[in-house]
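Work out the full structure, taking the sequences as your base and the hints as a guide.
Protein sequences appear in the order of chains A and B. Here the first sequence stands for residues 1 to 304, numbered as in our numbering. Here the second sequence stands for residues 305 to 518, numbered as in our numbering.
Please note that the accuracy of each hint is not assured.
Stated by the list, open to error - Have a look at the derived ranges for each label pair, beta carbon to beta carbon: (1) B:Val459 - A:Phe238: 51 to 59 Å; (2) A:Ile125 - B:Asp371: 37 to 45 Å; (3) B:Asn396 - A:Arg216: 38 to 46 Å; (4) B:Asp371 - A:Val102: 36 to 44 Å; (5) B:Tyr422 - A:Arg229: 33 to 41 Å; (6) A:Leu254 - B:Glu350: 49 to 57 Å; (7) A:Leu198 - B:Pro424: 54 to 62 Å; (8) A:Arg216 - B:Thr353: 22 to 30 Å; (9) B:Glu350 - A:Arg229: 16 to 24 Å; (10) B:Asp371 - A:Ala185: 51 to 59 Å; (11) B:Gly447 - A:Arg229: 39 to 47 Å; (12) B:Gln384 - A:His215: 35 to 43 Å.
Stated by the list, open to error - With a Cα cut of at most 25 Å, we get these calculated DMTMM-like pairs of lysine to aspartate or glutamate: (13) A:Lys10 - B:Asp394; (14) B:Lys339 - A:Asp68; (15) B:Lys332 - B:Glu418.
Hint data in this document are derived by calculation from the structure and do not stem from the laboratory. Glycine included, each C-beta is placed from N, C-alpha and C at the ideal position.
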Amino acid sequence: MLVYPKAQTKWLWIIAAYLFLAGVGGGAYLLGVAADLIGGEQWTFLSKAGIILGFPCVAIGAALLIFDLGTPKNFWRAAMKPGTSWMARGVIILSIFMILGVIHIAFWIWPFPNVLEGAEGARQILSIVGAVFALAVMIYTGLLLEASRPIAFWGAAILPELFLVSALSTGLMGVVLIGSIGGAAKTTILTFEKIYILLNVFELIALGFFMQATHRVTESRISAELVLRGAVAPLFWFGVVIVGLIVPLVLVILDVTILGGTVAPIAASICALIGGLFLREVILAGGVHAPLKAGRFEYMLTNV
Amino acid sequence: MSTNVIRYGFVIDLKRCYGCYSCTAACKAANHTPKGIDFAKCIQGEIGTYPSALRQMLPTLCMQCEDPECLTVCPTGATQQDENGIVTVDKNLCMGCKYCMQACPYGQRHTVDEWSTYFPDAETREMDPYQLYAKSKWEEKYGYGMAAKCDFCIVRLREGKEPACVEACPAKARHIGDLNDPESEISILIRRERGFQLNPELGTNPCVYYLPPR
Numbered sequence: 001m002l003v004y005p006k007a008q009t010k011w012l013w014i015i016a017a018y019l020f021l022a023g024v025g026g027g028a029y030l031l032g033v034a035a036d037l038i039g040g041e042q043w044t045f046l047s048k049a050g051i052i053l054g055f056p057c058v059a060i061g062a063a064l065l066i067f068d069l070g071t072p073k074n075f076w077r078a079a080m081k082p083g084t085s086w087m088a089r090g091v092i093i094l095s096i097f098m099i100l101g102v103i104h105i106a107f108w109i110w111p112f113p114n115v116l117e118g119a120e121g122a123r124q125i126l127s128i129v130g131a132v133f134a135l136a137v138m139i140y141t142g143l144l145l146e147a148s149r150p151i152a153f154w155g156a157a158i159l160p161e162l163f164l165v166s167a168l169s170t171g172l173m174g175v176v177l178i179g180s181i182g183g184a185a186k187t188t189i190l191t192f193e194k195i196y197i198l199l200n201v202f203e204l205i206a207l208g209f210f211m212q213a214t215h216r217v218t219e220s221r222i223s224a225e226l227v228l229r230g231a232v233a234p235l236f237w238f239g240v241v242i243v244g245l246i247v248p249l250v251l252v253i254l255d256v257t258i259l260g261g262t263v264a265p266i267a268a269s270i271c272a273l274i275g276g277l278f279l280r281e282v283i284l285a286g287g288v289h290a291p292l293k294a295g296r297f298e299y300m301l302t303n304v
Numbered sequence: 305m306s307t308n309v310i311r312y313g314f315v316i317d318l319k320r321c322y323g324c325y326s327c328t329a330a331c332k333a334a335n336h337t338p339k340g341i342d343f344a345k346c347i348q349g350e351i352g353t354y355p356s357a358l359r360q361m362l363p364t365l366c367m368q369c370e371d372p373e374c375l376t377v378c379p380t381g382a383t384q385q386d387e388n389g390i391v392t393v394d395k396n397l398c399m400g401c402k403y404c405m406q407a408c409p410y411g412q413r414h415t416v417d418e419w420s421t422y423f424p425d426a427e428t429r430e431m432d433p434y435q436l437y438a439k440s441k442w443e444e445k446y447g448y449g450m451a452a453k454c455d456f457c458i459v460r461l462r463e464g465k466e467p468a469c470v471e472a473c474p475a476k477a478r479h480i481g482d483l484n485d486p487e488s489e490i491s492i493l494i495r496r497e498r499g500f501q502l503n504p505e506l507g508t509n510p511c512v513y514y515l516p517p518r
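Structural data, given as structure tokens:
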């Protein structure tokens with residue numbers, strides 16, 4: 001019999017906000033450079049919107065991460081041993097991404113917009129290198145959790161993919177939000193929204209796979225029960241599924257088909273962004289450590 | 305590891321343990337841990353339903369794994385393993401990311417944000433000298449915002465004494481010894497009484513063995 005199933009309490013909202021912001025920053029930057037590389041003249045606004053989101057989001061996330069440390073003054077030591085863990089490698093990935101993001105913003109948008117505007121080749125190289133690191137930022141957030149082996153809920157192979165899809169969709173909606181407020185061309189926003197419909201469906205499928213992959217072992221079955229029926233369930237069903245996925249999907253479909261205007265995309269993107277934050281929190285709050293097994297007895301850890 | 309080096313190991317005899325929490329209390333006294341932090345926690349387990357229900361205590365401590373998960377994930381190199389297999393945290397290197405707490409399968413990593421006490425009127429009253437002593441000892445050894453853990457009382461071991469929890473156990477359920485020596489008391493106990501490790505499937509190879517309950 002299991003007594004007092006309890007999820008981990010060490011990483012909650014601050015880490016969830018960091019995982020979310022890293023996702024939004026990476027996703028928005030990736031879509032921004034993609035729009036710049038593939039699209040034409042009319043894509044410039046959304047492209048710049050994406051690139052301008054990249055650095056600040058990741059930087060705020062990294063600041064939250066440092067704030068959550070027990071000993072913030074030692075944070076730089078994390079970058080010293082990349083061979084140890086995904087946290088150490090992540091610090092290096094984040095640092096390089098932030099440097100590239102600052103360069104991209106400084107020499108294309110503000111305060112020196114003309115430097116990269118003229119040098120098309122240099123901008124493309126920077127974009128491609130930056131995109132690789134943006135992808136790494138998005139995927140590493142899932143790998144970070146996966147390294148915690150006693151928490152089987154975080155060990156699902158689809159978790160990094162779920163985070164990647166969520167990062168892309170929230171990043172895209174961040175771009176749509178800035179584009180709609182800033183008055184970007186409606187055709188470009190509609191194209192982004194069509195991509196969002198696809199990403200949203202992928203995310204729903206990934207979330208479904210993630211949940212169905214959890215009932216293999218005791219601790220992840222407890223996690224799933226916690227998320228689907230237990231203490232985390234209201235946040236999951238209302239925050240992630242309804243606000244984060246269904247509402248934006250309906251709003252975006254309406255916007256693409258009949259509505260038009262700017263209200264629907266703004267509302268949809270705010271909902272999708274909040275849902276992305278809730279998704280990270282739900283995954284963190286559902287992390288239950290494996291029980292200790294001694295003969296027929298199973299002991300739940302209560303101090304984690 | 306070569307066999308002529310001591311590899312400290314524990315044997316906890318579950319059929320002798322009756323759950324008196326002496327180990328928890330002795331550990332607390334020896335390591336000066338603040339409120340809520342137990343390096344030697346006892347967990348209660350139950351199976352079955354009345355009238356065929358069973359209860360069994362599980363005294364835990366850091367398993368000093370041969371291949372520790374906490375060492376694997378530690379991004380700063382603060383977690384270290386000495387030649388006797390004892391895993392320690394260098395408080396000058398730890399940044400308090402709590403990754404080891406997520407990675408440890410046995411819940412034996414702890415962190416303290418600030419000193420706290422069990423006394424209800426702690427805010428209004430000045431701390432007595434005993435608490436001040438404990439607080440200063442904790443700060444000297446572990447500090448705040450870092451990972452702290454059991455180290456098999458390595459200082460006592462080097463002085464030739466037993467760890468505090470072993471010394472305190474009234475049921476003589478805890479034994480410490482050298483796992484590399486096949487003729488040591490604990491090696492013989494593990495062989496004769498089918499000692500087992502907790503959650504061996506994670507491949508950490510803990511140095512704490514349990515003897516099965518009756």
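Please flag the earlier hints that this structure goes against, numbers listed from lowest up.
none
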